[in-house]
Amino acid sequence: MKTWFKKGEHWVWFSASAVSIAVVLVFGLLLLIAARGLNHFWPHPVYDFQLAQANGQVEQITGEIHNRRIKEVFDPANPSVEIKEPQLLIKTGNRDVYGLDFRWVSEKDIVDQAWTKSQGISIIERYEWGNMYGYIQALRQSGHPTLLGEAAQVGLAQAVAKSHRIRAEIRHIEKGVIGGINHELQQLRFEERKLQLAQQWDSANAERIEQRRLALQGQYGDLQASLDALYAKLKAEGEVVVRIAGDREVVIPVSHMVHFWQPNEMHLGQKVVFFFGSIKNFLLDDPREANTEGGVFPAIVGTLTMVILMTLFVLPMGVIAAIYMREYAKEGALLRLIRISINNLAGVPSIVFGIFGLGFFVYVLGHSIDQLFYDYALPNPTFGTPGLLWAALTMALLTLPVVIVSTEEGLSRIPRALREGGLALGATKAEVIIRIVLPMATPAIMTGLILAIARAAGEVAPLMLVGVVKLASELPVNLTAPFVHLDQKFMHLGFHIYDVGFQSPNVEAAQPLVYATSLLLVLVIVALNLGAIAIRNRLREKYKALDN
Amino acid sequence: MSQTQHALHDALNGTAAKKRLKRRRLSDHTAKYSISVGGVSIIFAVFLIMFFLLYVVLPLFIPATMEKRGAIPVPGGIETTTLHYAVDDYKEVAVRLTDSGRVIGFNTDSQQVLLDQTIPLNGATITSFTLINEARNQFAYGLSDGRVLIGSIGFSISYPNNVRTVTPSIDWPYGDQGKPLIQGSIDRLAVRDSASRMMIVVQSDEDDLLTIRTFNKSSSFLTETVELELDSQAQMQTAFDAEWLLLGGRMRDLVLVSDKGQAEYYNIANIHAPELLQKVRLVPAAEAITDATFLTGNYSMMFATDKGRVLQWFPVRDENNDFALHEIRQFQRHTQPIHAIGVEDARKGFAVGDANGQFDLFYSTSQRHLGGERVSEAAIKMIRMTPREDGALIETASGELISYDIDNPHPEVSLSSLWSKVWYEGYSEPTYTWQSSSGTDDFESKFSLTPLTFGTIKAALYSMLFAVPIAIFAAIYTAFFMDKQTRQWIKPSVELIEALPTVILGFLAGLWLAPYMEANLPGFFAIILVVPLGIIGFGLLWSKLPERVRISVPVGRRAVLMIPVIIFLGWLSLSLSTPIEQAFFEGDMRHWLTDSAGIDFDQRNAMVIGFAMGFALIPTIFSVAEDAIYSVPAYLVNGSYALGASGWQTLTGVVLPTASPGIFSAIMLGFGRGVGETMIVLMASGNTPIMDVNLFEGMRTLSANLAVEMGETEVDSSHYRVLFLAGLVLFIFTFFFNTLAEVVRQKMRRKYGSL
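Chains A and B supply the protein sequences, listed in that same order. All residue numbers for the first sequence refer to the numbering used here, where the first residue is 268 and numbers rise by one. All residue numbers for the second sequence refer to the numbering used here, where the first residue is 39 and numbers rise by one.
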């Protein structure tokens, strides 16, 4: 044993364990996120709990078991002693009735410490007030029950589908058509202001703009009328009577329902279908209830738009800088210094880029652009406020070192013989670079670009300063010209995690959604990184072949 | 010439070929120049970051500039003494109040008189005067018939013909007849008010009797006027020859000051039982006080002396909750007697004028002298700072009224206020404090970067404590012992951590790890003991196994073998949590810490940060250190083996000394990254700017502070620039560590090259 220590064997074991610890932590973390994130989509059984109350009565509550904990409470018999009490966190839903979605219940208060699956219970997801847990009793139209019991459920499914169609129509009119009219009205206001600033405001112009405005307002009035009709139609879908725990009856308009399901009656296949359905909704729906429910579609679109825009900036910048440094600049102390600095810039905290973006892009560049081109909109800033363009530029600057370093490395790996061959055949330097060097360096450039994208997609701190918001009313890309709105603020997956996890009033309810968003973000970024690694490996193989 | 040759000749030398050659040359040149210009400008843009940060920060340290705008004879002449000047926001119009009761409003450039009134004295004379509120230009006269007359100066702004016109007016908010307070004449007077109350302290000319009255303000909604209703009154006998009565803004501190430099400090919170708290000499016996006034906020008292000094004193609370006056700091530029102090309305700056005509600008919190010049041959009699702190009116003994434009945007920041302890108003001792904003107007901003820098280093160091051993040991094993196949997937999986968005790590740390750690605190401490012991135990056990089993897992695969062992040891440690708590910590370690050990505990603390950010630092350190160890030449290793050294002996004797610069640079890079990490600390550290090394308390780092405060600060304000300074500090910090790491690494590469 002495020699075992003397030979340093224990250190070898320690170092081997350090690797295992790191691996266990990485995969443990990924598993934790995956498990909690996916769990969010799976339909969970609903149970009935009989709670014994202090006055001897029994209270019934219904809900999903969400979490467990051991709570230290003072023993009522002997207040100086703390006892550990197992508790359940039950998601009871029905926030409009109970005031809260969640409730901690001590296991000892549950009659017989046992609970049963509720038979035939429905979970109704609503546009407001979260989920409702209860038994569907009847479908009513204008106050009269039309369908009862089982038939009500079938009828309800049809009614909900129909109300979705009407909602889609309403949405189209409100967001698309009326949005367009509002946009045009805004343009008219700007035109008026522009003419006034240019001292060309006369009665002819006033007449023209006023007429246009009246026409738009007329259209608006017509649309409003058809909207009213649609809303009336929506209301005519009736309402559903739900019996909730404690034998209370609640009435919900069909138009408030997103969908409903009976988790306890589902078999495995249905559960799987439901699981993928909820994933689809998560990816494609708009957020509801201050981002704590619904989907993350705008955040996905915002992240993507920002990243693509950033790519457009960073790719030419990085490649040109790298070509200059590798092919044209004179090697020397200065270039070495520049190279070290660019390398170091990759280690400068992202938040520093954020304050640079805010101070320089937004306040200096943006304000100047507003003064020069958008003076008619002042004092409302157009570009003098955080927005998509500035966020993309800031991220481009942040990821520029990654692209430069990677491209330079790629350029330096290209064998001299190829360049010299090109020159010997009479090609100019530019032709050698464009026809021979760059195509061969493409994989290296791609690797750098992918790493840059992965970094930009996960970075939140600088974006908080230069353009990300909690809730953007419109997508940064849409069908109104100029289609990509560079001056708009946008939503972002990473910021969504920060905001919902830390700024929302109902953190307990929002947590599953945050895990789901985290999982999505991790998947995207891990995929991007694996892609970069794969490209890098293929690249190495290629050069090995070239060297031979 | 054959036809082919001809065609070839044509293709090479013909006009088309020449043209083509020309075009190609042109495009070559274009490419060269455009790429050069593009490349240089992109590199320039990258460096712009550093210069832009400097450009924003620099104005903080630039002294104030003063420029004389003009001088006019004192309106109304100097036969009467000036009591006060009121100035409008645009420093166009001023109003002079004299001791004869005249009120003269005039344009400070054109001398045009806009207002000339005499206050309703009703036969009495003015015997004393005091300012109630500088910013609102509210003041009170004490009259020879025992009345107090409260007035204010207002400026109304109108735009006839699109030209700004400022019209001054005098207003008597509580009536123009005044309040009769005492029988004789009022010799000295002090008045303070709040939204609901007013307190008046007067001293009669005959004896040292002080009369104190408090009033309630009752507003009448019909007439929109405010009436004063007597609340209570008391008298107070002192045996003190006071020259100044100083009544603090809290209406409980009354300081009597004599021109010899003696002071008595009373607590008059209960006016019927005033309490003498302190008798104190403010200046040495040979020095005399020439002026005494409050700074904005009516908490700090400024005393000017005939030796050219200005002393700042304010009440300080001691451990027993007793207040006493303390000298906080002093300001001196010259030795001539100071004749006037002019205080700024909205911040803690002031200007002094002396017998020699010298004018100097100071700021109290930062203890800065911001500028000064000799404005006149004659002595300065009075200074009035303009409401927006962008100018001063200076009255001289020779009857001149000089107006100055002053550009003094950031006086509250100095190197000492950023990095040293500062004694802020209301604090019991000098402290390092970061508190950038508050609800009140006369708030003293506290811009000490020390607690933030401390928090940054604390967070980085605790995470290094976790990250360095794991990352370095893992690097050693991966580079030196591990076989090729395992290395191929282990290395990318550890490096995968680098790609994980830190917002996710922060979210998990704040919402999952922090409460979990709070509940299982002993378990986390058990890890420190259980895991290493378990590893050694397992190793020993393994060495005792039969050869056949041992050979099935070579040294290079031990990391895989250890994965289930590590999972088991981790689970074991955490499940030991409850038994340990029962045995040693009375069932609850968290309560035991606060109750028995007296250690403060926050749920989001340095330990959580240590784990979460440490985890994020592992790949940075790991991959650089691994590269360094991996690139140690094989013949060194083989030589060592050949001499009979064991694996570990080779490692410590040969490999590590060779690779140590690389490992050092790995640690530097890790530290640099830890210093700048934002989201994890923002989400899991609690963000309180305290200075305490306690493992169980949080911190606020420079980066998290930027993320929290940058969005809501006003552009170009001092706060904005101080935040940029914090960014610059971060930038320099990380740039320094990264450069150090890079230089060391390059040196090492050259060394390997020669080996």
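Any given hint might turn out to be false.
[Stated by the list, open to error] Below are the DSSO-like pairs computed for lysine-lysine, each with C-alpha atoms no more than 27 Å apart in a straight line: (1) B:106 <-> B:57; (2) B:70 <-> B:57; (3) A:696 <-> B:217; (4) B:522 <-> A:809; (5) A:547 <-> A:737; (6) A:597 <-> B:459.
Derived from the structure by calculation, the hints contain no laboratory data.
Hint check:
{"no.": "1", "hint": "B:106 <-> B:57", "in the structure": "violated, 69 Å"}
{"no.": "2", "hint": "B:70 <-> B:57", "in the structure": "holds, 20 Å"}
{"no.": "3", "hint": "A:696 <-> B:217", "in the structure": "violated, 94 Å"}
{"no.": "4", "hint": "B:522 <-> A:809", "in the structure": "holds, 21 Å"}
{"no.": "5", "hint": "A:547 <-> A:737", "in the structure": "holds, 22 Å"}
{"no.": "6", "hint": "A:597 <-> B:459", "in the structure": "violated, 50 Å"}
Hint compliance for this structure: hints 1, 3, 6 are not met, and every other hint is.
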